[in-house]
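Each chain, letter by letter, is given below.
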Amino acid sequence: MTPSPSRMTALKRELTAALAPDRVLDDPAQRHVYGYDASVYRGLDAAIVAVPETTAEVSAVVRLARAAGVPVIARGAGTGINGGVLPAKEAVVLALSRMNQVHRVDPANRLAVVGPGVINQDLKAHLNALGFGMTYVPDPGSQVVSTLGGNVGNNAGGMHCLKYGVTANHVLGLEVVLPDGSVVELGGGPVGRPGADLTGFFVGSEGTLGIMTRVTVRILPLQEQVVTQLALFPSVAAAARTVSGIMAAGILPAALEMLDQKMMRLVDKHIHVGYPEHAGAALIIEMDGLRDGMDSDLRRVREVCEANGALSLQTAETEAEAGKLWLSRRAAYPAMARVSPTVYVMDCTVPRNRMAEAIEGIIGICDVLGLEVVTVAHAGDGNLHPLIPFDQHDPESRGKALRAHHQIMELCVGMGGSITGEHGVGVEKQEDMALMYDDHALNVMRLPKRALDPDDLLNPRKIFPKRFFDTPGGTL
Amino acid sequence: MTLSPVEHLRSLLGTKGVQDAPQVLDAHALGGVRPAVVVQPSLPEHVTGVLALAAQQGWGVIPWGGGFQQGCGNIPARYTVALRLTGLASVLDHDADNLTLTAQAGLTLAAANQTLARNHQRLCLGPPTAPNTLGGLLSAAPVNPRRLVQGDVRDQVLALCVALPDGTLVRYGRKVIKNVAGYDMNRLFVGSRGLLGVVVEATFKLFALPDEEGAILGAFADLDAAVTCASAFYGSRLLPASLFLVDSRAAGTVYGSLQRTVPGKSPHAWHLLAAFEGRAATLRRQLSEGEHLMRNHGAQTVSPGSGLPPALGEALSAPEGGLPADVPYLKLRIGLLPVALSSVLRDLESTPTLRDAVRCVDYGAGQVLLSLPVHPADTESLAALISQWRKRLAADRGFLVVERVPDFLRNALSAWGDLEGEASLMRLFKQQFDPCQVLSPGRYLENPA
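Chains A and B supply the protein sequences, listed in that same order. Numbers 2 to 477, taken from the numbering used here, label the letters of the first sequence in order. Numbers 2 to 450, taken from the numbering used here, label the letters of the second sequence in order.
Looking at chain B on its own, in the form it has when it is part of the complex (with noise of 0.2 angstroms):
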């Protein structure tokens, strides 16, 4: 009698936790894709057990964390099992003296913070309060907004206890700063959206928490005035832990996390928004150095702020950030050298496709983000502008990627584009490591264009 994989996994995990309500499904659905099943482990070797059983029975499967991350990608080849890991939620060790803390992969970066914060402590991999879970995070990388001081999600990972598509648990890394000994595997399971084995477990450097934040927003009236201010900061000896330019969609909710309003209303304007943490002299004084390079540099008003705005996010994936709501919208992601900023922007302003889009720039990381609405008759020209950028972007190793995508445009634009040399071995490692394509089938380094 042959099983289906609701009853195959059923067997395996008990009832608990294995669903296929139709509701849970069409939750978990991908580019109109429903899996057969959802399932939640409890336990690391559940999660084996079920990437075995899916490498025998010719199954894909896709992770799920919070799902913050799934909105990317495109449409799965195969699409058995959304293999959910918020079941593992556990902070297994914190510890205080050696600044470091080991969590299950299915725990959410606040509730992490959460603990921490008892010992003055913080993690940070994005912002603070993210809803993310810690394995979405570690499988996106996404740019930590705070790395000019605290780095990226990559350099905070000390250790990964990692569940391969064959079923199998490995571990890298050591609860030590200086932790590699042979290949530095951790830097392949980072980033790589859980195309070589699923994060089950990992141990991560710890901050303290700064004594004091503070933060400037300079209105400029343009584009050049605002990324020039933002370069002179960078040249500069002041330490912003972040540096972001916001245009004038953008910018109410960034002004709005503040409790202030949007001075002026001129469609042009840019903004630079400088936050800082650490000692109070400290933060003092880049306060009001910080201050005087924006006045200098042309900023009509400067308003202060208590830090890095929690709605800085939001600012950055629409549609909360000035989309109308209940309107598909693309998110892309451009990644190029800072100096190469002003002249890509004006670019962008000018393409009359782009017109309408909010855009959100991270200087100190080179990270332009763009939300705009689509439609399906965009598909064809959507294509053609992101084709030509990547062209354009690549002759200085920059890049992009699409972010978040509707449904109807999921195979039309290739998340990653052609990464070049890069693809290749990824294609060559993702063999290596998921001979059986159990693993997310499709989703990344495929062009299905």
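Chain A on its own, in the form it takes in the complex (with noise of 0.2 angstroms):
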């Protein structure tokens, strides 16, 4: 049920009390914004920006929109791709910007604590001046502006999570704003807490089952030796051959990024790399570790490659080059906004030794549909980003994008796969869920989230297909 105008309006005058009024938004324009994130799909305004700045003030805001009724979306900086931040009832939005201090870095038990307003590579940053040698591993493509709050609601992923592992891996603890507005510290501390691991459960819960207010990231010594290459195939099989070869030789890059052939012509126009015409796929290999040893990975990596036709290896000499070697990944995507306004970046996982298939499989989806698609993989995990361009104002366009999208997950999850590997679900891919789970399977998912939060108020209607809030009770 909407709320009436009235008891926004009383709710916006409380929201003013336990903040500020600066910190309490209603102006249409402001609002307007909110509705948007960074994917294909649009929300409903928000009803109330509230941009609190402690975790008591977080507390306030959800036990006054709870007695009110009204649903409540915590949102970092709106780098989502899944729409996962987008109201989907008339709601307040707590924007967490504000809460971006870092608490506290501890070196010698390898921990920081967090605000989840903190940007990635803040964080980084941070790190690196404080000269300790340690780092925060995880980096999503959106690190420059992507906040710690968001990359552990979506469990973000990154081109090191082949060795270190999704975000999931790098938090050891949280506090969290409950949706009765109560807060309960989580892990935080030691390894092998008694239990389940709620600190890991909560992660990647898309703001569903709590807010988080602080957050408790594992730091790590930086590597002795960073030494990047880049490979250049044939054709992508060639290239994902190479992957599988290099993890069966017992090596564990801490990279392993795919190019396809279209991707590699599209950064070569952005940045003038110099791709050969006859090059088919591109791999950027990072191996890092210590020294000693190192020569003996590396020449495993050249012969695993050369075994599977590589055209070319070149290894950085210079941390300039490696930059220069990297920046043909990380310029994916800039390049593409060369080719169309407007680009669905999707995120799909298959099993590593199937990844060329799959590929193809996607180039049949689009060709039958009339869409073009080029794709870049974390390839190590099996974690493919098929990006289409398409023309959001066109209807024509956009139902073709939006059944791509849904073609590709069918076709991924049919290989053993998964219809995300490190950007959530959201509104995105809330129906594809029952591509990967049956209805039983989602009722079980769904008793944390009854348990805790029976009247769906934190970040509602999402992650879940549509159905299931759409029947009494919730079950299907």
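Just so you know, these hints were derived from the structure itself, not from any lab. Fair warning: there could be bad hints in the mix.
What the hints assert, rightly or not - Straight-line distance between alpha carbons at most 25 angstroms, and here's what the computed DMTMM-like set of lysine to aspartate or glutamate pairs gives:
#1 A:Lys-270 to A:Glu-186
#2 A:Lys-164 to B:Asp-96
#3 A:Lys-164 to B:Asp-212
#4 A:Lys-164 to B:Glu-213
#5 A:Lys-164 to B:Asp-98
#6 A:Lys-125 to B:Asp-156
#7 A:Lys-401 to A:Asp-368
#8 A:Lys-164 to B:Asp-94
#9 B:Lys-392 to A:Asp-107
Unchecked claim - Reference excerpt, derived from the structure (chain B facing chain A, CB under 10 angstroms, subset only):
#10 Ala-30
#11 Leu-100
#12 Ala-118
#13 Asn-120
#14 Asp-397
#15 Glu-421
Since we're looking at a predicted model, the values are computed, not measured. Each residue gets a CB set at the ideal place from its N, CA and C atoms; glycine is no exception.
Each of the two chains sits in its own frame; use the hints to bring them together as a complex.
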């Protein structure tokens, strides 16, 4: 039920008293902005935008909104591509950007405690400036703007997940405001806490179970040596075989990133890398660890590349050269901007040894629909990002892109993969959840939500297929 | 006519795999309470059948693997069925290309690793030759002794098939590294001691076997010197797979497994074990620098070893590690941040009740394992001591878990203690998943003391 205008006015008054007048926004233009994120979707305008600075303020907003029966949606930088922070109902949007303090850095215990509004890259810069030789590893593509709160909410990945894992593997503890406004601390100290891993469970819950107000992250020593290589192959299949071959040789690179031929050409136009015309795929390989033993790993990598018909293998000799090699991967999204004003960035996974087959299948789906597609991949994880240029304002083009997305998800799940690798579900994939799980598994997955938030007031109508929310009682 | 649990279960599963012989029931007793029946299903559907029947009949069911983790927990509030998973012990799929293994819960880690070794791969949930079942390891989620390079049990689980207390089966995750869509349900099932569901099948991420393994063991005059050296390792660029400290009582087992005798006889001595693995050149460098590091921090002797000693597990779990045989003992696990180790260990050392404890520390994980002989007369003082320690540790988010407890102490010492908000959340979830309290009723979330 939509709260009455008078209830909303009263709530705004209460929120203003609890926070401060300049931290409760209700100007239509300001509220309108919060109906967007980086996805191809569009939400309702925020009913009210609240900008808390402390856990107590977050708790107060949640309590007041709950008393008024108004949903609350926590939001970081809005760089998510699944529509997860878009209001699906009239809601208070909690902009957590001012909770951006690094509360504590504790190198001896290898941890840091940060606010949810801290930008990923800023935390790395902060750690770097302290000079302990330690860093926070997860590096989603959006790291220059995305916040830790958003990264945690979506269990973000990045280029170095192959060796170091996704965000969940780097979160040691959370302070969470629950849907009733109470505050709970999960983990936060040593590992091995008895019972279920509630910290890990809340990571990736997309703000539907609680609002994270403090995050304890693992920080790790910088590696003694990092070697970056670029290998070119005649085809995606050859590059994909190389990925499996490297892993089978007992080597665990820090990163294994792949670009298909179309992507390489676009990147070349954008930053003039000078890729040869006949190269069908590029693989960026990053190895890290101690200097001793690195040579033997690099030798093995070269052997695997050559055995799979590599056209070339270039090794960066300096940090600047390494940066240049990485640029060809990091320039992928900017390069797409030259092609189309709107690009649908998709996210799915398949078993590593089925990547080439999956990419073929994706091209086939797009051909039938008359769409272009280029693919970049966190190849070591089997995590594909098909990028489809389309016109957001042309219903036909948009419809085709959405159809392609669904068919690509079907393809990946059919190959034993997942509908999301590192970007979450949000609204984009809520119907695709049925590809992964039957109604019973989804009902069981909803049990914790029903226990904590029976009225679906925290980030409502997300993650699960809409029919669950439209059914009285919420169980199918 | 009312059927007994044995009759009910025999009509469901047949006579094979349903046992009620007194010696079998005795072997599955917990805290002096025997189950009415022990069942060992050979199909996942049998597990769900047993649970559905239990929910209908109001029975309490306690899942069993190899039984290694049953030494802790309160006396069950209800205990009708001991559900042994050891009949489900097959490898279902070893995908060597993608480095994944799918296996049933009753398979032992040792058996899994035997299969995997043919492809030069391994599963790292604990000591590789551990006789524990995969289900038991998933249920207890012990800290992996090689966690510094391989992470913990939870980090290696890709997918689970779980029998729920209502007798239905659910599957979450996929055979891919990034496998989560929606809530990461596997995080709830792993480590929750079967309170929410019984894992019948799991898919794990695998690692290649290292080319070589090696270790060094340094003997230090006292605790402070050993801890300072461990901290230097932790802060260096060396990449030990394991970093353990053991006291003089546990040292015999560790040195013995390296076919060496403990250097010196000082009861105050502490020993630091640093284990490494990887390429030959990486290993050589680490062993050499590690030895320098130990000597620079005052190690009196540095002994080489071939890797993480298989007997380390025994050193951690008395009585094999130095306690007198046939004496009831208590095993405690304290979790704390590494920088707090020194002061906590010192205070433990000066606590009279813990004077005879055998101590072993996983420095990288911040875990202190204490094994100590106990007597019924100690009950009150131990309960008070543990409660006091829990309060102290909680201030820095530390904890104390009772890992193994003699029956006479079971309900005097709660297994997990008060985990503040986390325990409330676990209870809330337990109520949702298991409203009839079928699985392990009263064993972990309640505080009978």
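Query - Numbers of the earlier hints that this structure fails to satisfy, in rising order - result: 1, 10 and 12
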